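Here's the letter readout for the chains.
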Amino acid sequence: MAREQFQNLSEQMYYILLSLWEEQCGADISRRVIELSRGRVRIGPGTLYTLLGRFEEQKIIRQTVCEGRKRYYIITEKGRQMLITEYRRLQALVREGAPYLEKEENQNE
Amino acid sequence: MSKKYVMVNFFPHEADALKNYLEARALEGWKLDKLGNFFLCFSPCTPHTIRYCVEIMERPSVYASNQTPERKGYREFCREAGWDYLGCSGYFHVFCTESPEAIEVETDPELRFQHIVQAENGNYKLMLPLVILLAALSLAAFFEKGTLLTSNTFCLLLMAAACLYSGGSSLRWKNKAAASLAADGVLPHSDWKRVRLKNRIWTFGLLAGAAIYTIWILAATVPSGYTAYAALAFAVYLLIFFLLMFLFSRVLFWLREKRAYSKNTNIALYWGAALASAVLICVVIFVFFCWFFS
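Listed in order, the protein sequences are those of chains A and B.
Heads up: the first sequence begins at 1 in this note's numbering, then just goes up one per residue.
Heads up: the second sequence begins at 1 in this note's numbering, then just goes up one per residue.
Possibly wrong hints are sitting among the right ones.
As the list claims (entries may be wrong) - When the alpha-carbon atoms are kept at most 30 angstroms apart in a straight line, the in silico DSSO-like pairs for lysine-lysine are as follows:
#1 263/B - 70/A
#2 72/B - 4/B
#3 72/B - 70/A
Hints in this document: simulated from the structure, not taken from any laboratory.
These numbers come from a predicted model, not from an experiment.
Starting from the given sequences, assemble the full structure and let the hints guide the process.
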């Protein structure tokens, strides 16, 4: 499956990586995702924990500091490249869909 | 009102049904106090809304200690998000909260789907050695006695029926869930009343099958006049069997949770204990027969 190899990121994966552009701990990531998505995307602690584990395994993010049970993470170069690729893919989707879908939307309005 | 104990008979793919069941019980005035491998313990409370989450962790294993850094880390994340940990039963980890704002523990249905499938596969890996052992014993009896009508074959049939039931139920859910994920991006809804009724009938059917077979064997093999003795001996045997099971499960639970050994050590401990209890039961049976026929 493509998603298992992180070739296409889900919304939640995308926002987690985006929030890790700066060093964050688990609770901060959750809050940052809500902030970045303007409340549209909310990530549960179980999902966040699992995805952080998978990202770390694939070296997409790395742990920076471990203060007791609090762990801080940041995105790696591999993760940045992955996020940029995903961003370009999403841009291409919007660009290629725009001539048809924007016209449709304007008509509906 | 005192505490109430209820048997846990939910398959991994019925985690949502268990969650809905627990929430319904809270509205009836029963909150979940703790959970073990076989029972849920409820205590009375004023009927109110309690939110529960029944989760299956990444790469689930019934052998893994609940005190590993990964599992502690998972619980810590959930605690920070407002969820109290109640305990685990098999693959299920149960959390509760009274806050309406707390975000659900698992918000990615695809991840949840993967975890459930991993747990179901783990169940088959647990059953496989037992099925192989019983099949080997049945075949050995067939070559030796020329019959397949042995207690091992019956156990094998019971186990095969259990595997077929759980396998069929799991496969049906898997197909339904995959279709629902592809179409709507969510997992199908579980009606806890239907699931509970179905599993109760199934458990009762299995126990009734075992009881009928036992009575039939006792009636066929024990000479008339000795039936009462045989029934008493069988009751004692069952008592010893369940006491041993209880004892071993407590010791293993203690080893798993307090000593926090690695998963492989726990596997060795579990199967070693199973072997030891099998030997012990055989010795008890042997001693009983020596006494009975002497």
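Keeping to a limit of 30 angstroms between CA atoms, is the pair of residue 72/B and residue 4/B held or broken?
holds, 29 angstroms
If you draw a straight line from the CA of residue 263/B to the CA of residue 70/A, is it 30 angstroms or shorter?
holds, 25 angstroms
Under the criterion that the straight-line Cα-Cα distance not exceed 30 angstroms, is the pair residue 72/B, residue 70/A satisfied?
Holds. Residue 72/B to residue 70/A sits at ~11 angstroms (cutoff 30 angstroms).
Consistency note: the structure conflicts with none of the earlier hints.
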